[in-house]
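> Next come the chains, spelled out residue by residue.
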Amino acid sequence: MVLGGFLDKLKRGLSKTRRVLSTPVGELFRRARQVDAAFLEELEEILIGADVGVETTMSIAEDLRRAARDTGTADPEELYGILKRDVESRLRKGESDVTLADSSPTVILVAGVNGTGKTTSIAKLAAYYMGQGKKVLLSASDTFRAAATEQLGIWADRIGADIVRHKMGSDPAAVAFDACEAAAARGVDILIVDTAGRLHTDSNLMRELSKIKSVVARKIPGAPHEVLLVLDATAGQNAISQARNFKQAIEITGIFLAKLDGTAKGGIVVAICDKLGIPVKFVGLGEGADDIEPFDAELFSRALFE
Amino acid sequence: MHLWGDFLFEAITEKFEGVVRRLRGKAIITEKNVADAMREVRMALLEADVNYAVVREFVKTVEKKALGADVLKSVSPAQQFVKIVHDELVELMGPVEPGIPQPDSPTIIMLAGLQGSGKTTTAAKVASYLLRKGRRPSMVAADVQRPAAVEQLKILGGQLGVEVFSGEGKAPDICVRAVERARLVGTSDVILDTAGRLHIDEEMMMEVKDIARRTEPHQVYLVCDAMTGQDAVNSAKAFDEELSLDGVILTKLDGDARGGAALSVKAVTGKPIKFIGVGEKLDKLEEFHPDRMADRILGMGDVVSLVEKARETVDAEEAARMQEKMLKAEFTFEDFHKQLGQMRKMGGIKDILSMVPGLGSQMGGLDISDGELTRIEAMIQSMTPAERRKPDLIDQSRRRRIARGSGVQAEDVSGLVKQFRQMRDMMQAIGSGRVSPSSLGTLMQPGAKIKGFKRRSKRKRRPRRRHR
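Here the protein sequences come in this chain order: A and B. Read in order, the letters of the first sequence are residues 98 to 403 in the working numbering. Read in order, the letters of the second sequence are residues -16 to 451 in the working numbering.
If you are wondering where the hints come from, they were derived from the structure by calculation, not from laboratory data. Just to be clear, a hint being listed does not mean it is correct.
[To be verified] Dumping the calculated DSSO-like pairs for lysine-lysine here, alpha-carbon to alpha-carbon at most 27 angstroms:
id : chain 1 : residue 1 : chain 2 : residue 2
1  : B       : Lys264    : A       : Lys308
2  : A       : Lys231    : A       : Lys316
3  : B       : Lys43     : B       : Lys153
4  : B       : Lys264    : A       : Lys264
5  : A       : Lys264    : B       : Lys137
6  : B       : Lys137    : B       : Lys153
[Said to hold, decoys possible] Covered by chain A, per the in silico footprint, the following chain B stretches (three or more residues, Cβ under 8 angstroms):
id : segment
7  : 86 to 99
8  : 120 to 132
9  : 178 to 187
10 : 211 to 219
Just so it is clear, CB atoms sit at the ideal spot from N, CA and C, and this is done for glycine as well.
The shape of chain A in the complex, shown without the other chains (with noise of 0.2 angstroms):
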């Protein structure tokens, strides 16, 4: 991947809204003479902060903890090199890159709770395809909230990609069946269907994704190739149980990050990766089309702590 890219975006971002990604962590290194029992405290207090999670925090300050021992230094900036490489493995646990079909179409389903922003990136998905040459169809597969069809067809729209729909209140395994057929019959490149946003606690909803998904499974051998999770950066510790619940029902591959733009650190994301093995594959940056990038866990690491 393009690591400049990444960078510029975040940037682009940060000038748009004077928004700081970063963490006082390297402040915090910089100006520590040793690390101690008050330092690792108020590391704990910047990666809680963060998001990270409890558990997640006491494990990587112990790490620190015992990397100090280890080499016996107390030197902080050799400490941070440490630090933000745990991060960053811990970020790189079940790292895979983007699955394509050898023979198209591929197929990616999008799934997440409400309000994520699973609409605007899958548009995202799509422009990002698409500036790859690729032909892109979208499966409007949100057939319960209202307009939500609507949304995503003034998406299609926008970025001149084609949509497959049915009536508001009909059958989303239906929309996803024909937009199967649509793909094969189109010589369409990638197919990405958009799902209604649902509790991962709704045992019912639940199921009924898991159906949508096999029946894209069905449909076309190996489908569906990538199943993303969108989940909110600025969403706190039910991220966890958000990726629990929907890598159980639907088994996600990846995760799509959004709403990285905003003050809101993402560092779930650290704990979700660390515990459950998902990776995470693109993070969304803004509100227009073309505001995705990939992931990049030594960047995401980076960006983090500096």
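Given the coordinates of chain A, assemble chain B onto it according to the supplied hints.
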């Protein structure tokens, strides 16, 4: 607030239950055991996404109070400690004036918040709430940013029979024209649904300020997602600074979010949580009660809320009877059947059970949806009146007949009967005060499934539980 689903605040509750257990049986609160308990409290709050600065303050205050002289002299340190934590939580989250004041007609209510917090759905819920209060609200589709947001509000307005103003141009102009029109038409309230925006997006914050300046809303509410993490304080503070909020509406509390944002947002803005969103249906908006929330956090259940909710859907007398029956557990299948309809209105049996003290943490494995209620209904309908009154009558052959009549398996019927009996005993135990809620675990093992309630076979029916 009470129909929060079984998981809500469960983890906080569990933690506090742990703390209380630890303190129970200790003679006095000492510095040592307070420190231990406070560490647990701190962890529980942090895991619930309460902002760490807020947690620090909270812990400091509670610690100070817990170590005070009065506490050391108290007879039961555990009770005292629970009371201190409880009072502090109430203090932090309260006070709240119920309802939406109506100083003028039309009363202008403005909703603002981050993208995806649930403003549009909440606008419709507020309208529905006002309708229930006998007011005649209208809504304004002022979100011209998000594609089809206007369309969405119009559809919701159509479902409620509430007029939705929309128009071309900039959001502030649309709002001004809409308010003028509302005045002409004579609606009681105007609800402004504004676009979602980042609190650091200067241009968009200017716009929302402009709307506020030109329409002079009587109430400005921040719509905040209950699943928000540590950043909740930043956005809430920014919106409060720019718009001087009158209150907060916390959404998506029907999941398992522990809702620490409620504490954080109140702490940094000082503005009350007015309402909570507890489901996708448009009537799923409830007034916020800090004391009950604190009770809930501390694992005391929510029987009062249950009664109140029942009162809204059935008449008061019926509600009192119902609660009595539930607690005395005199109810039969006949009563149960009669109540099924009401239960649906109240949010389903799962919600009701989750409000029973101490049951919150026992309900983890239960899986009862409205669809399953239909099945139960079918089974009860297939029983004879005598069987409904005396479930003990139901033997193997009756079971088979009931199963045939309702299209389920015989074991579904026995599961239902068994579980019904268990439930009745449980309620009775609570009602008579023989059993403390927290010891209910022995009556109902965590993770127990209500067999008859659980859909077993794959059915064609589409699981829809949504509004319209």
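> So, for every hint listed, does it hold in this structure?
Results for each hint:
no.	hint	verdict
1	B:Lys264 x A:Lys308	23 angstroms, holds
2	A:Lys231 x A:Lys316	21 angstroms, holds
3	B:Lys43 x B:Lys153	48 angstroms, violated
4	B:Lys264 x A:Lys264	20 angstroms, holds
5	A:Lys264 x B:Lys137	16 angstroms, holds
6	B:Lys137 x B:Lys153	18 angstroms, holds
7	86 to 99	holds (count 3)
8	120 to 132	holds (count 5)
9	178 to 187	holds (count 5)
10	211 to 219	holds (count 7)
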